[in-house]
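Participant: Dock chain B against the given chain A, drawing on the hints supplied.
Just so you know, the protein sequences line up as chains A and B, in that order.
With the working numbering as the guide, the letters of the first sequence map in order to residues 1 to 98.
With the working numbering as the guide, the letters of the second sequence map in order to residues 99 to 196.
These are computed hints drawn from the structure, not numbers from a lab.
Check before you lean on any hint, since a few could be wrong.
[Unchecked claim] Distance windows between CB atoms, simulated:
| id | chain 1 | residue 1 | chain 2 | residue 2 | range |
| --- | --- | --- | --- | --- | --- |
| 1 | B | Arg171 | A | Ile88 | 19 to 29 Å |
| 2 | B | Arg141 | A | Asp45 | 19 to 29 Å |
| 3 | A | Ile88 | B | Pro191 | 22 to 32 Å |
| 4 | B | Glu103 | A | Lys84 | 15 to 25 Å |
| 5 | A | Ile88 | B | Ile186 | 36 to 46 Å |
| 6 | B | Arg114 | A | Asp68 | 28 to 38 Å |
| 7 | A | Asp68 | B | Glu134 | 10 to 20 Å |
| 8 | B | Arg110 | A | Ala19 | 31 to 41 Å |
| 9 | B | Asn146 | A | Ile88 | 19 to 29 Å |
| 10 | A | Thr23 | B | Pro191 | 15 to 25 Å |
| 11 | B | Glu177 | A | Asp70 | 17 to 27 Å |
| 12 | A | Asp24 | B | Glu130 | 14 to 24 Å |
[Stated by the list, open to error] Which stretches of chain A does chain B cover? Using the computed rule of at least three CB atoms under 8 Å from a CB of chain B, they are:
| id | segment |
| --- | --- |
| 13 | 21-31 |
| 14 | 50-63 |
| 15 | 73-79 |
| 16 | 86-94 |
[Said to hold, decoys possible] To spell it out: a stretch of chain B is covered by chain A in this simulated footprint if at least three of its residues, at any positions, have a beta carbon under 8 Å from a beta carbon of chain A; those stretches are:
| id | segment |
| --- | --- |
| 17 | 104-114 |
| 18 | 117-129 |
| 19 | 138-149 |
| 20 | 153-165 |
| 21 | 168-174 |
| 22 | 180-192 |
We put the beta carbon where it would ideally sit given N, CA and C, even for glycine.
Number of protein chains: 2
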Amino acid sequence: MEIAELQETLRRTYYRRDAGRGTDATFRWMTEEVGELARALRRDDPRNLEHEFGDVLAWLTSLANLTDVDLARAAARYENGCPKCGEIPCACPTADER
Amino acid sequence: MEIAELQETLRRTYYRRDAGRGTDATFRWMTEEVGELARALRRDDPRNLEHEFGDVLAWLTSLANLTDVDLARAAARYENGCPKCGEIPCACPTADER
Numbered sequence: 001m002e003i004a005e006l007q008e009t010l011r012r013t014y015y016r017r018d019a020g021r022g023t024d025a026t027f028r029w030m031t032e033e034v035g036e037l038a039r040a041l042r043r044d045d046p047r048n049l050e051h052e053f054g055d056v057l058a059w060l061t062s063l064a065n066l067t068d069v070d071l072a073r074a075a076a077r078y079e080n081g082c083p084k085c086g087e088i089p090c091a092c093p094t095a096d097e098r
Numbered sequence: 099m100e101i102a103e104l105q106e107t108l109r110r111t112y113y114r115r116d117a118g119r120g121t122d123a124t125f126r127w128m129t130e131e132v133g134e135l136a137r138a139l140r141r142d143d144p145r146n147l148e149h150e151f152g153d154v155l156a157w158l159t160s161l162a163n164l165t166d167v168d169l170a171r172a173a174a175r176y177e178n179g180c181p182k183c184g185e186i187p188c189a190c191p192t193a194d195e196r
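Chain A on its own, in the form it takes in the complex:
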């Protein structure tokens, strides 16, 4: 699936509700899902783990819709490898740069 397609489908599905809830409450929902992802990482249940990844991605996308961010354009910074060193694999001197 295209990132842009996911964002547009979520806009049509949830934008009215997202806008009514507002940016702060939508951010809070996203972090609640991040917490559920943390719990899923602790358990041995691949289907639940996939479910929680989908939820975090969906709430992140709702938040992008609310703030007029094009998530595909945001992701494009990574499409040619590391945005810092430009290499695949990343050749930055420290392991946590990107």
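Facilitator: Relative to chain A, chain B alone:
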């Protein structure tokens, strides 16, 4: 960009580093980026906001790579609208369901 393409590019770019760092430290990095997104939401700088959305998405994808989750399949739960009620727009009785 396809979600699967982003995941594969990030795998080639960062998997070795992600694996060396481990799941817990990668999760911590993702939440650090969620914090940077929170701060960007407070400021009036659309380019920085887009940047932080990209970073959260990239770390979420790194985490999916580490845990063998197919992010496109995770997102597919939303491709036909609300996974709970099946409607576009969502017709769930309460505003926060999905």
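Participant: Compare the structure with each hint and give your call.
Facilitator: Hints versus structure:
| no. | hint | verdict |
| --- | --- | --- |
| 1 | Arg171(B) - Ile88(A): 19 to 29 Å | 24 Å, holds |
| 2 | Arg141(B) - Asp45(A): 19 to 29 Å | 38 Å, violated |
| 3 | Ile88(A) - Pro191(B): 22 to 32 Å | 47 Å, violated |
| 4 | Glu103(B) - Lys84(A): 15 to 25 Å | 20 Å, holds |
| 5 | Ile88(A) - Ile186(B): 36 to 46 Å | 37 Å, holds |
| 6 | Arg114(B) - Asp68(A): 28 to 38 Å | 36 Å, holds |
| 7 | Asp68(A) - Glu134(B): 10 to 20 Å | 18 Å, holds |
| 8 | Arg110(B) - Ala19(A): 31 to 41 Å | 38 Å, holds |
| 9 | Asn146(B) - Ile88(A): 19 to 29 Å | 25 Å, holds |
| 10 | Thr23(A) - Pro191(B): 15 to 25 Å | 23 Å, holds |
| 11 | Glu177(B) - Asp70(A): 17 to 27 Å | 19 Å, holds |
| 12 | Asp24(A) - Glu130(B): 14 to 24 Å | 20 Å, holds |
| 13 | 21-31 | holds (count 6) |
| 14 | 50-63 | holds (count 10) |
| 15 | 73-79 | holds (count 7) |
| 16 | 86-94 | holds (count 4) |
| 17 | 104-114 | holds (count 8) |
| 18 | 117-129 | holds (count 7) |
| 19 | 138-149 | holds (count 5) |
| 20 | 153-165 | holds (count 8) |
| 21 | 168-174 | holds (count 7) |
| 22 | 180-192 | holds (count 5) |
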